[in-house]
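Listed in order, the protein sequences are those of chains C and X.
Under my numbering, the first sequence has 192 at position 192, and the numbering climbs by one with no breaks.
Under my numbering, the second sequence has 1170 at position 170, and the numbering climbs by one with no breaks.
By construction, these hints were calculated from the structure, which means they are not laboratory data.
In this text, all values refer to a predicted model and were calculated from it rather than measured experimentally.
Just so you know, even glycine gets a beta-carbon here, dropped at the ideal spot from N, CA and C.
Worth double-checking, as some hints may not be accurate.
[To be verified] Label-pair ranges, simulated between beta-carbon atoms:
no.: 1; chain 1: C; residue 1: ASN104; chain 2: X; residue 2: GLU1037; range: 43 to 51 Å
no.: 2; chain 1: X; residue 1: PHE1150; chain 2: C; residue 2: TYR137; range: 30 to 38 Å
no.: 3; chain 1: X; residue 1: LYS1085; chain 2: C; residue 2: GLU237; range: 53 to 61 Å
no.: 4; chain 1: C; residue 1: LYS125; chain 2: X; residue 2: ASN1044; range: 31 to 39 Å
no.: 5; chain 1: C; residue 1: PHE102; chain 2: X; residue 2: ALA1079; range: 17 to 25 Å
no.: 6; chain 1: X; residue 1: LYS1148; chain 2: C; residue 2: GLU237; range: 22 to 30 Å
no.: 7; chain 1: C; residue 1: ASN104; chain 2: X; residue 2: SER1218; range: 30 to 38 Å
no.: 8; chain 1: C; residue 1: TRP52; chain 2: X; residue 2: GLU1037; range: 32 to 40 Å
no.: 9; chain 1: X; residue 1: LYS1053; chain 2: C; residue 2: GLU119; range: 20 to 28 Å
no.: 10; chain 1: X; residue 1: TYR1178; chain 2: C; residue 2: GLU119; range: 53 to 61 Å
[Said to hold, decoys possible] Over the 10 Å line for every Cβ pair with chain X, so calculated as not near, a few chain C residues:
no.: 11; residue: SER82
no.: 12; residue: ALA83
no.: 13; residue: GLU160
no.: 14; residue: LYS184
no.: 15; residue: GLY230
no.: 16; residue: VAL232
no.: 17; residue: TYR280
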Amino acid sequence: MAVIAFWSNSDKETGQTVSAATIATYMAIEHNYRILLVDATFNDDTLERCFWTISNDPKKNVTQRLNKGKLDISAGAEGLASAIASNKATPEIITNYTRVVFKNRLDVLCGLKTKDKNEYIKITKLYKDLLHTANKYYDLVFVDLEKTLSLENTKAMLEEADIIMYNFTKNLKQANEYIETVQKNPNLLTKQKLIPLLSNSDENTPYNVKNVTRYIGERKEIPKIPYTAGFVKSISEAGVANYFLNNGMSGKGFNKNSDLIASASYACETIVKRLEELKYRI
Amino acid sequence: MNIANIALIFVVVVTAVAAVVYMARKNKNEIVEDQVEVDDKTYNLDKMVKFVKTRLDEITKINLYDIGLSEEELKRRRAKKYELKKALKGCTYGDVNDKKYVKELIYDLLAKEYGVDETNISKAIPFDTPSLLTPQDKFEIIIHEYKKTFGYESLNELIKKYKLDDFKYIEGESKPCYVITNEEIADIYDAEQLHLDFTDKLEVVVQRIYQKYKGFSSIDEIRDMNIDGVSGRSIWSSRKFLKPSCTN
């Protein structure tokens, strides 16, 4: 149905991956959508670590020990890229290369394992086709993109996206970067596609969501993902899915958890509304 | 509960425990080839073909029920295994997509598991020493490079560019014929001045392994080109056909 890209033109920390994981998880629990979350970043396993613990020691990795390494080949994003390169990627087979967070609700396609930038570029050239094919099977495809526009592949994927969530944190430099990027790329970052997202927000600072909204010239309050200590712990302990299940889905109340849930809910609503608008426009 | 029942329960429990212990020991003693043993012959083509054959056999024959996967994971792995099996079967009938898929897999196996890199790839095909390259090596390198630009029109372009379809006389024959000689291939190789990076070299090696293992030997790449067809005859039968007096 739609591709939603999470991206930022700043090469500094913007909370982009965590925002993607948060919104996709909330959307999967709260809405009846089949969602795929794609990690298209280079040499970064943050997204995978949001949901699963990664052991780099093969002696501790139970699956590897049990299958003696016989199944690890042609797995994950690399395997899917091979299938796409050989025109074998049907919408249905994409699920075979993903990992399940919530059955029939949320699948994650983990990032490429390669540490070679050239190989990364070579494989991500196929990601535009991947998104196109996945979009036929899943209701929503969330993709966490490599930051900045230095790679052509990122640009290609942004063009493929129906909505671009531009991430920035609570500081003036990144807000200015957002304004500058939008002005410089009017064809890529159109008003219909673009949703600014304030990550790691804090209402007690001058760069709270209301002030930032006003500063970047948006009329309606922009979505945010607030800094929440409990949630940060969940991210580092592979507990993003459990966080939402354990803390309930109520955004009412005045504690930090309810603020996060209310914010995730508002971000999801904004995306859904924008998709409706796009549908009518088409 | 009488004694017979108790004895029966005891026998069942002991058998089950023994089976579990046996399976655990068997798994423990299984040789895990974590690292490929490296010697002078490790990176020659025959050894690589053998490795690829063994690994693909292992991947397609592994019993997924043995490794304790969840239902969903089992379903997905089974589908992937089926996909690979289908591709391995399809490529023998000349399906281009299946061939690509199998070649990608062989590429991954060689690069990530077998440890083929810039330093040892020349042991398979001597890319760095053109004088040691066979006409087949040279032809496959040329076709690989042409394929990047012309795709399935590579052979046509090569023939057109170097006028290889001219009617020509060859040594020892009284009549002219259509033939592409070793010398012509060597001249083209010299004229093209090809610079291969590691990926290109590995792709050439992968193609050679593929055509030895699953493909159609030396005509494998030619067969895929946009041409009317490839017809072949064994040397023995052609000699007999041309010279009926020939006995061997």
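Tested hints:
no.	hint	verdict
1	C:ASN104 <-> X:GLU1037: 43 to 51 Å	45 Å, holds
2	X:PHE1150 <-> C:TYR137: 30 to 38 Å	34 Å, holds
3	X:LYS1085 <-> C:GLU237: 53 to 61 Å	39 Å, violated
4	C:LYS125 <-> X:ASN1044: 31 to 39 Å	33 Å, holds
5	C:PHE102 <-> X:ALA1079: 17 to 25 Å	19 Å, holds
6	X:LYS1148 <-> C:GLU237: 22 to 30 Å	47 Å, violated
7	C:ASN104 <-> X:SER1218: 30 to 38 Å	49 Å, violated
8	C:TRP52 <-> X:GLU1037: 32 to 40 Å	33 Å, holds
9	X:LYS1053 <-> C:GLU119: 20 to 28 Å	25 Å, holds
10	X:TYR1178 <-> C:GLU119: 53 to 61 Å	42 Å, violated
11	SER82	4 Å, violated
12	ALA83	7 Å, violated
13	GLU160	23 Å, holds
14	LYS184	34 Å, holds
15	GLY230	28 Å, holds
16	VAL232	29 Å, holds
17	TYR280	36 Å, holds
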